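K.L.:
Chains as they are written, first to last, in my numbering: chain Y, 1 to 85; chain P, 1 to 140.
For the record, the hints were derived by calculation from the structure and aren't laboratory data. Keep in mind that this is a model prediction, so the values were computed, not measured. Each hint should be verified, as a subset may be incorrect.
Unchecked claim - The list that follows gives simulated cross-link-like pairs (lysine-lysine, PhoX-like), each with its CA atoms no further than 25 angstroms apart: (1) P:Lys54 / Y:Lys51; (2) Y:Lys78 / P:Lys25; (3) Y:Lys85 / Y:Lys32; (4) P:Lys25 / Y:Lys60; (5) Y:Lys20 / Y:Lys70; (6) Y:Lys54 / P:Lys134; (7) P:Lys134 / Y:Lys16; (8) P:Lys10 / P:Lys25; (9) Y:Lys20 / Y:Lys32; (10) Y:Lys51 / P:Lys25; (11) P:Lys4 / Y:Lys60; (12) Y:Lys20 / Y:Lys60; (13) Y:Lys54 / P:Lys25; (14) P:Lys4 / P:Lys54; (15) P:Lys49 / P:Lys16; (16) Y:Lys56 / P:Lys36; (17) P:Lys16 / Y:Lys56; (18) P:Lys10 / Y:Lys51; (19) Y:Lys56 / P:Lys134; (20) P:Lys36 / P:Lys4; (21) Y:Lys35 / Y:Lys85; (22) Y:Lys56 / P:Lys10; (23) Y:Lys51 / P:Lys49; (24) P:Lys10 / Y:Lys54; (25) Y:Lys54 / P:Lys90; (26) Y:Lys54 / Y:Lys70; (27) P:Lys4 / P:Lys25; (28) Y:Lys16 / Y:Lys85; (29) P:Lys134 / Y:Lys19.
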Amino acid sequence: MTREEVQIQLTEIFRKVFKKPDLVLSDELTAKDVKGWDSLNHINLIVATEKSFKIKFTTKEIQGLPNVGKLIDVIHAKITSIAQK
Amino acid sequence: MDFKIEFFNKYAEGYKVNKSYTIDKDSYSKFLDLFKDTSSIHTNIEYAKEKGFKDIIIHGSMLTGYLSNFTGTFFPGDRSFTQSVEVQFKAPIYVNDVIKIECELTQMVESVGVLILDFLIYNETQNYLSAVAKIQTGIL
Numbered sequence: 001m002t003r004e005e006v007q008i009q010l011t012e013i014f015r016k017v018f019k020k021p022d023l024v025l026s027d028e029l030t031a032k033d034v035k036g037w038d039s040l041n042h043i044n045l046i047v048a049t050e051k052s053f054k055i056k057f058t059t060k061e062i063q064g065l066p067n068v069g070k071l072i073d074v075i076h077a078k079i080t081s082i083a084q085k
Numbered sequence: 001m002d003f004k005i006e007f008f009n010k011y012a013e014g015y016k017v018n019k020s021y022t023i024d025k026d027s028y029s030k031f032l033d034l035f036k037d038t039s040s041i042h043t044n045i046e047y048a049k050e051k052g053f054k055d056i057i058i059h060g061s062m063l064t065g066y067l068s069n070f071t072g073t074f075f076p077g078d079r080s081f082t083q084s085v086e087v088q089f090k091a092p093i094y095v096n097d098v099i100k101i102e103c104e105l106t107q108m109v110e111s112v113g114v115l116i117l118d119f120l121i122y123n124e125t126q127n128y129l130s131a132v133a134k135i136q137t138g139i140l
């Protein structure tokens, strides 16, 4: 799966969690930019992301993520790692 | 050891557990007295029978109370707190029916300390599935 494909799949997750069908993800996007991105929706986002991509994050991996771009990087790295095993 | 770490080490996705409850008349009366939803289907036996039910039916929200008892005192238990509940009511439950709540741990998200629990609520007295539910709960 390419990084772009990860972004497309993640976009659908964001749209569903935040109930915003037109939401467009960019690498620079942060919680401040999305209305409703509170602590509970952040949890919902992680839950939905793990399920959709069939991956497991560690607490360290998701703590202090500065923006969506870094989240995409973490997901992409995990998927690539799984595919290589 | 931290309870959350212990919990996530102890259980795995796919774990199943169940518990039965009797919907006794006293509990039903207290629920009715507390929330005062006295709509006919829940209080008027003639009306309920006219609409095709055997008796007055218990409130769906009372059923969610038993789910709360299940998650808060049984599994995952004392250190859990509910974040969301989705319930679909399939078939009625009457006073004095026995229900069996079957729970499957379908997703464990250790990074944020969250569990997704899927429930089947069987009415053992009437011998049918009464409700399905999904609960997202956090572990403290």
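K.L.:
Against this structure, judge whether each hint is valid.
P.N.:
Do the hints match the structure? See the list:
At roughly 42 angstroms between alpha-carbon atoms, Lys54 of chain P and Lys51 of chain Y are farther apart than 25 angstroms, so this suggested pair is violated. Between Lys78 of chain Y and Lys25 of chain P, the direct Cα distance comes to roughly 54 angstroms. Violation of the 25 angstroms bound is thereby established for this hinted pair. Among the hinted pairs, Lys85 of chain Y with Lys32 of chain Y is inconsistent with the structure: their alpha-carbon atoms are about 37 angstroms apart, more than 25 angstroms. The suggested pairing of Lys25 of chain P with Lys60 of chain Y is violated, with an alpha-carbon distance near 50 angstroms, which exceeds 25 angstroms.
At most 25 angstroms may separate the alpha-carbon atoms for a hinted pair to count; Lys20 of chain Y and Lys70 of chain Y meet this at roughly 21 angstroms. A hinted pair counts as satisfied when its Cα atoms are at most 25 angstroms apart, and Lys54 of chain Y with Lys134 of chain P qualifies at roughly 19 angstroms. A C-alpha spacing of about 17 angstroms is found between Lys134 of chain P and Lys16 of chain Y, which places the hinted pair at or below 25 angstroms, so the restraint holds. The straight-line distance between the Cα atoms of Lys10 of chain P and Lys25 of chain P is roughly 38 angstroms, outside the 25 angstroms bound, and the hint therefore fails.
A distance of roughly 15 angstroms separates the Cα atoms of Lys20 of chain Y and Lys32 of chain Y; the hinted pair therefore holds under the 25 angstroms criterion. Restraint check for Lys51 of chain Y and Lys25 of chain P: the C-alpha separation of about 41 angstroms exceeds 25 angstroms, so the hint is violated. For the suggested pair Lys4 of chain P and Lys60 of chain Y, the alpha carbons sit about 16 angstroms apart, so the restraint of at most 25 angstroms is met. Proximity of Lys20 of chain Y to Lys60 of chain Y is assessed by CA-CA distance (about 28 angstroms); at most 25 angstroms being required, the pair is judged violated.
This hinted pair does not check out: Lys54 of chain Y and Lys25 of chain P have alpha carbons roughly 45 angstroms apart, beyond 25 angstroms. The hinted pair formed by Lys4 of chain P and Lys54 of chain P fails the criterion: a straight-line CA distance of about 45 angstroms is larger than 25 angstroms. A hinted pair counts as satisfied when its Cα atoms are at most 25 angstroms apart, and Lys49 of chain P with Lys16 of chain P does not qualify at roughly 36 angstroms. Under the criterion of a C-alpha separation no larger than 25 angstroms, the hint pairing Lys56 of chain Y with Lys36 of chain P is inconsistent with the structure, at around 45 angstroms.
Of the pairs offered as hints, the one joining Lys16 of chain P and Lys56 of chain Y holds, with about 21 angstroms between alpha carbons and a cut-off of 25 angstroms not exceeded. Straight-line distance between C-alpha atoms of Lys10 of chain P and Lys51 of chain Y comes to about 21 angstroms, which keeps the hinted pair within the 25 angstroms bound. A hinted pair counts as satisfied when its Cα atoms are at most 25 angstroms apart, and Lys56 of chain Y with Lys134 of chain P qualifies at roughly 21 angstroms. Of the pairs offered as hints, the one joining Lys36 of chain P and Lys4 of chain P is violated, with about 38 angstroms between alpha carbons and a cut-off of 25 angstroms exceeded.
For the proposed pair Lys35 of chain Y and Lys85 of chain Y, the alpha carbon gap of about 39 angstroms is over 25 angstroms, so the pair is violated. At roughly 17 angstroms between alpha-carbon atoms, Lys56 of chain Y and Lys10 of chain P fall within 25 angstroms of each other, so this suggested pair holds. For the hint pairing Lys51 of chain Y with Lys49 of chain P, the CA-to-CA distance comes to about 44 angstroms; that exceeds 25 angstroms, so the pair is violated. The suggested pairing of Lys10 of chain P with Lys54 of chain Y holds, with an alpha-carbon distance near 21 angstroms, which does not exceed 25 angstroms.
Our distance criterion of 25 angstroms between C-alpha atoms is broken by Lys54 of chain Y and Lys90 of chain P, whose separation comes to about 31 angstroms. Simply put, Lys54 of chain Y and Lys70 of chain Y have alpha-carbon atoms about 18 angstroms apart, close enough for the 25 angstroms limit, and the pair holds. About 37 angstroms separates the Cα atoms of Lys4 of chain P and Lys25 of chain P, which puts this hinted pair outside 25 angstroms; it is violated. The straight-line distance between the Cα atoms of Lys16 of chain Y and Lys85 of chain Y is roughly 31 angstroms, outside the 25 angstroms bound, and the hint therefore fails.
At most 25 angstroms may separate the alpha-carbon atoms for a hinted pair to count; Lys134 of chain P and Lys19 of chain Y meet this at roughly 19 angstroms.
Violation of the numbered hints given earlier is confined to hints 1, 2, 3, 4, 8, 10, 12, 13, 14, 15, 16, 20, 21, 23, 25, 27 and 28; the remaining hints are satisfied by the structure.
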